[in-house]
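In order, the protein sequence lines correspond to chains A and B. The first sequence: position 420 = 420 (our numbering), numbered continuously. The second sequence: position 15 = 15 (our numbering), numbered continuously.
Simulated from the structure, these hints should not be mistaken for lab results. Note that beta-carbon positions come from the ideal geometry of N, C-alpha and C, so glycine has one too. Accuracy of the hints is not assured; some may be wrong.
What the hints assert, rightly or not - These stretches of chain B come out as covered by chain A in the derived footprint (C-beta under 8 Å, 3 or more residues):
| # | segment |
| --- | --- |
| 1 | 86 to 94 |
| 2 | 139 to 151 |
| 3 | 163 to 175 |
To be verified - The list that follows gives simulated cross-link-like pairs (lysine to aspartate or glutamate, EDC-like), each with its CA atoms no further than 16 Å apart:
| # | chain 1 | residue 1 | chain 2 | residue 2 |
| --- | --- | --- | --- | --- |
| 4 | A | 329 | B | 84 |
| 5 | A | 150 | B | 30 |
| 6 | A | 329 | B | 16 |
| 7 | A | 222 | A | 37 |
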Amino acid sequence: MNAITNTGTQPERAPETSSAMPGAEVLIRALTEQGVEVVFGYPGGAVLPIYDALFRQDRIRHILVRHEQAAVHAAEAYARSTGRVGVVLVTSGPGATNAVTGLLDALMDSVPLVCLCGQVPVALIGNDAFQEADTTGITRPATKYNYLVKHPDELARTVHEAFEIARSGRPGPVLVDLPKNITVGDAPYLPPARNGRRSYQPQTEPDPAVIREAVAAMKGAKRPLFYVGGGVINAGAEACAELTDFIRRTGYPCVQTLMGLGAFPGTDPQSLGMLGMHGTYEANLATHDCDVLIALGSRFDDRVTGRVDKFSPHSFKIHVDIDPAQINKIIRVDMPVIGDAGRVISAMVREWDAQPGEPDAAALDAWMARIEVWRALDCLRFTQDPAPDAVIKPQQAIRRIYELARETGRETYVSTEVGQHQMWAAQFFRFDHPQRWLTSGGLGTMGYGLPAAMGAQIAHPEALVIDVAGEASTLMNIQELGTIAQYRLPVKVFIINNHYMGMVRQWQELLHGSRYSESYSDALPDFVKLAESFHAKGMQVTRLADLDGVIREALAHPGAVVVDICVAEGENCFPMIPSGAPHNEMILGPEQEQRSKGIGEEGRMLV
Amino acid sequence: MGASVTGERYIQGDIETFQRAVISALVDNESGVLARVVGLFSGRGYNIESLTVAPVTEDGSQSRINIVTCGTVAIIEQICAQLDRLVPVCHVVNLTATGPHIAREMALVKVVSTGEPRTEALRIAEAFRARAVDTTARSFVFELTGSADKLDSFIDLMRPLGLVEISRTGAAALVRGPQTI
Numbered sequence: 001m002n003a004i005t006n007t008g009t010q011p012e013r014a015p016e017t018s019s020a021m022p023g024a025e026v027l028i029r030a031l032t033e034q035g036v037e038v039v040f041g042y043p044g045g046a047v048l049p050i051y052d053a054l055f056r057q058d059r060i061r062h063i064l065v066r067h068e069q070a071a072v073h074a075a076e077a078y079a080r081s082t083g084r085v086g087v088v089l090v091t092s093g094p095g096a097t098n099a100v101t102g103l104l105d106a107l108m109d110s111v112p113l114v115c116l117c118g119q120v121p122v123a124l125i126g127n128d129a130f131q132e133a134d135t136t137g138i139t140r141p142a143t144k145y146n147y148l149v150k151h152p153d154e155l156a157r158t159v160h161e162a163f164e165i166a167r168s169g170r171p172g173p174v175l176v177d178l179p180k181n182i183t184v185g186d187a188p189y190l191p192p193a194r195n196g197r198r199s200y201q202p203q204t205e206p207d208p209a210v211i212r213e214a215v216a217a218m219k220g221a222k223r224p225l226f227y228v229g230g231g232v233i234n235a236g237a238e239a240c241a242e243l244t245d246f247i248r249r250t251g252y253p254c255v256q257t258l259m260g261l262g263a264f265p266g267t268d269p270q271s272l273g274m275l276g277m278h279g280t281y282e283a284n285l286a287t288h289d290c291d292v293l294i295a296l297g298s299r300f301d302d303r304v305t306g307r308v309d310k311f312s313p314h315s316f317k318i319h320v321d322i323d324p325a326q327i328n329k330i331i332r333v334d335m336p337v338i339g340d341a342g343r344v345i346s347a348m349v350r351e352w353d354a355q356p357g358e359p360d361a362a363a364l365d366a367w368m369a370r371i372e373v374w375r376a377l378d379c380l381r382f383t384q385d386p387a388p389d390a391v392i393k394p395q396q397a398i399r400r401i402y403e404l405a406r407e408t409g410r411e412t413y414v415s416t417e418v419g420q421h422q423m424w425a426a427q428f429f430r431f432d433h434p435q436r437w438l439t440s441g442g443l444g445t446m447g448y449g450l451p452a453a454m455g456a457q458i459a460h461p462e463a464l465v466i467d468v469a470g471e472a473s474t475l476m477n478i479q480e481l482g483t484i485a486q487y488r489l490p491v492k493v494f495i496i497n498n499h500y501m502g503m504v505r506q507w508q509e510l511l512h513g514s515r516y517s518e519s520y521s522d523a524l525p526d527f528v529k530l531a532e533s534f535h536a537k538g539m540q541v542t543r544l545a546d547l548d549g550v551i552r553e554a555l556a557h558p559g560a561v562v563v564d565i566c567v568a569e570g571e572n573c574f575p576m577i578p579s580g581a582p583h584n585e586m587i588l589g590p591e592q593e594q595r596s597k598g599i600g601e602e603g604r605m606l607v
Numbered sequence: 001m002g003a004s005v006t007g008e009r010y011i012q013g014d015i016e017t018f019q020r021a022v023i024s025a026l027v028d029n030e031s032g033v034l035a036r037v038v039g040l041f042s043g044r045g046y047n048i049e050s051l052t053v054a055p056v057t058e059d060g061s062q063s064r065i066n067i068v069t070c071g072t073v074a075i076i077e078q079i080c081a082q083l084d085r086l087v088p089v090c091h092v093v094n095l096t097a098t099g100p101h102i103a104r105e106m107a108l109v110k111v112v113s114t115g116e117p118r119t120e121a122l123r124i125a126e127a128f129r130a131r132a133v134d135t136t137a138r139s140f141v142f143e144l145t146g147s148a149d150k151l152d153s154f155i156d157l158m159r160p161l162g163l164v165e166i167s168r169t170g171a172a173a174l175v176r177g178p179q180t181i
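Isolated chain A, as found in the complex (with noise of 0.2 Å):
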């Protein structure tokens, strides 16, 4: 152990005490210091002397949302696409457990936050005061890590060290408590401590001995297979232009997660696209049949196995993350490798090099013959009837819309809400860059898109951001037309309109004798008129022949769109693995969907 090599026995900095100040400006101090340059919050009581020191500078900006959940989103968005840390702001008490939501969201993706919440004065915790919540309590399994500020002396280093374990090792939301009476009280400023606590020592430099054997094994696999997922995008662009390098460099097919999508090409002809429940046929029979398994980032999630006991079952299995807790949490591999995916990934191009001996071209020739052939199976195809007037498919609507970005050529950022539109924006969009997608995987978060769209158009104000909504999830976060609004950003907004919480319909067919018990979307609102009253453009289409032009005069548009695109209601979502049936058991179309009726119990509950 190297505990005794980092105790904290140097002698306590000495107190800048001529610097002491309002604790709320120290708080607006550690953040400059941090680099933070956005806010996205919501004021109330408890950080009224933070939103007092925010109007006295003007190095950070503050972003006013309508709803605390959609700040924390906004601030995911802001985060997965810059790779910055997002920060968030909010009161005490509903402002705090509004923003639950989102905390945990950002904890299942593994995104990097802090989320800066008010709190009644020290002496009043306990008492049941107004808008006093057990917030360290709510949070505590939502959050990487929280903390309530007691005393002055502790508010700067603490909000430094909240970044760094936010941003460190295995990213995620860190919640800081901050007392009224801290943040109106004199506090010292202190900068950011050298050493880390010695309790939160995150393993990033992988075991070269592991890298060796786990590049030996690569070398001689006949069947080999990526399987890339978010870790490798938290990693950074570095870490996923050298992934792809190096995969070009093997001539080995990579699949990759919902979170993975960008970090290797997905236009690159070894990409076979997302794997799992609704990935592709060519990626899942890849995973079904591989010989070496090289799991880069990614967890092993339930959507992506299936059922575990046939996951993968021929396949010698490395598998790098940072954290260690996702080894053999769900599948038992053969080789953990532990360290930061880029580190990893560096290590693996050197071991590469220097270890003698080729793949088996031959056997590699023969795997990617097998995967041409599930390829040209062209699983993700639909019938769309030609007619001018014919009803839109909501796969050819989500093709067009990425087709027609696409042809835009601008620097394009996506994001979704949940259900099946997600799962085909997932599909036909191919992402070429990392940091461009962004979706609520983990969590699954109806509402996600909107405020996430509104984060990343904020971080990139020149670039095109869209977000794929349907219309039962847009509604549960369409508040933020507000926020889009009072700041002129120009997103648009592709509402999948097909009546139905789609999802949730399909499954009900599939395995509840479509009785669609709540599932239709009642009383829908106008969605031209609501855009129109929130200042935005809205914009309807209901005939193929309209379509074209309404998404390419919707992409134009300098400000923001709303588009109803009304489409098809029954459509299910293809290809699919049943739940409880192994990647090489899919089910490619509607003709069949009888095979779905074969489900047992256990299948159903794991839906």
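Go by the hints and put chain B onto chain A.
Just chain B, lined up with the frame of chain A:
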């Protein structure tokens, strides 16, 4: 300081074997740390059979938490990994997997009786090397330290002899020999 024990993190062999494990964790002695540990167990569906916690460093900055739990080898391995990733947790060791260790619990047992049962209780207490730490004409409070099994047997023997109340701790545990965790 002796050589340290890190244990084998990734256990080979039959992962479905069900076992009892004593896990020791060194944690920063801060507000909420116990809630984090306990919340991890309840949130992820692990068992806690017993738990002890107390500061163990000279400056009081670190506490040692000893947890007796049970599960398959794979689950115990996950418990250790999940504990270790908590920010204020410095070090986690599964003492059961690292080799010989000593685990001791303590119990205070109140027995209210007179006559023959009272004499019998005292005789058994002597056999178990329990100390009578409180004595009245009608009652004893015995203090007993030992393995969980020893405490269980003592308590079972006391039941028919007027046992009225028990207060028991979880395990305090160390590895045998010069090593430390």
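Each hint tested on the structure:
no.	hint	result
1	86 to 94	holds (count 5)
2	139 to 151	violated (count 0)
3	163 to 175	violated (count 0)
4	A/329 with B/84	holds (14 Å)
5	A/150 with B/30	holds (12 Å)
6	A/329 with B/16	holds (13 Å)
7	A/222 with A/37	violated (49 Å)
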